[in-house]
Each structure stands twice: as C-alpha cells, then as structure tokens.
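Asks: Sequence:
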Amino acid sequence: MPQILIVEDDPEIRRALIHALQERGHAVASSPTGMQGLNDALTGEHDLVVLDLGLP
1 MPQILIVEDD PEIRRALIHA LQERGHAVAS SPTGMQGLND ALTGEHDLVV
51 LDLGLP
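Numbering follows my numbering, in which position 27 of the sequence shown is assigned residue number 27; successive positions increment by one, without gaps.
Hints in this document: simulated from the structure, not taken from any laboratory.
One or more of the hints may lead you astray.
Per label pair, the in silico range of CB-to-CB distance [said to hold, decoys possible]: (1) Pro56 to Gly25: 28 to 34 Å; (2) Gly54 to Gly25: 24 to 30 Å; (3) Met1 to Pro56: 29 to 35 Å; (4) Arg15 to Pro56: 14 to 20 Å; (5) Pro2 to Pro56: 27 to 33 Å; (6) Gln3 to Pro32: 16 to 22 Å; (7) Arg15 to Asn39: 27 to 33 Å; (8) Leu53 to Pro2: 28 to 34 Å; (9) Pro56 to Arg24: 27 to 33 Å.
Note that the structure is a prediction, hence the values are computed from the model and not measured.
A virtual CB, placed ideally from N, CA and C, is assigned to each residue, including glycine.
Please put together the full structure from these sequences, using the hints given.
Replies: Right, dumping it as structure tokens:
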C-alpha cells in the first residue's frame, strides 16, 4: 500500500486530503508544519509527499 505524507498547515485542507486518500486505500501520515514535514520526510518511508507550497 502506498504511504503518503501530507504537509499542510490548514487543518481543514489537511483533514480533507487525509479523508479522500484513506477512502481510496492509501496509508496517510500528515505534518502541520514545514519543519515537521521535512523531518518526517527524511526519517520516514513515504512513496509520495504532498506539499503545500504556501507554508509560512
């Protein structure tokens, strides 16, 4: 099963993405900040990172 990491600071968008991807059978992890997302991406085993380009 593909492992997807979502890096998104807006909680509503993050929840919607998680819900949509999990409904389609993907394993999803999420990070609310760019720094946490970078750490999670470097230390985890993810097949795909969905990154909010407008992170503060």
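Asks: Hints numbered earlier in the text: which of these fail when held up against the supplied structure?
Replies: Structure breaks hints 7, 8.
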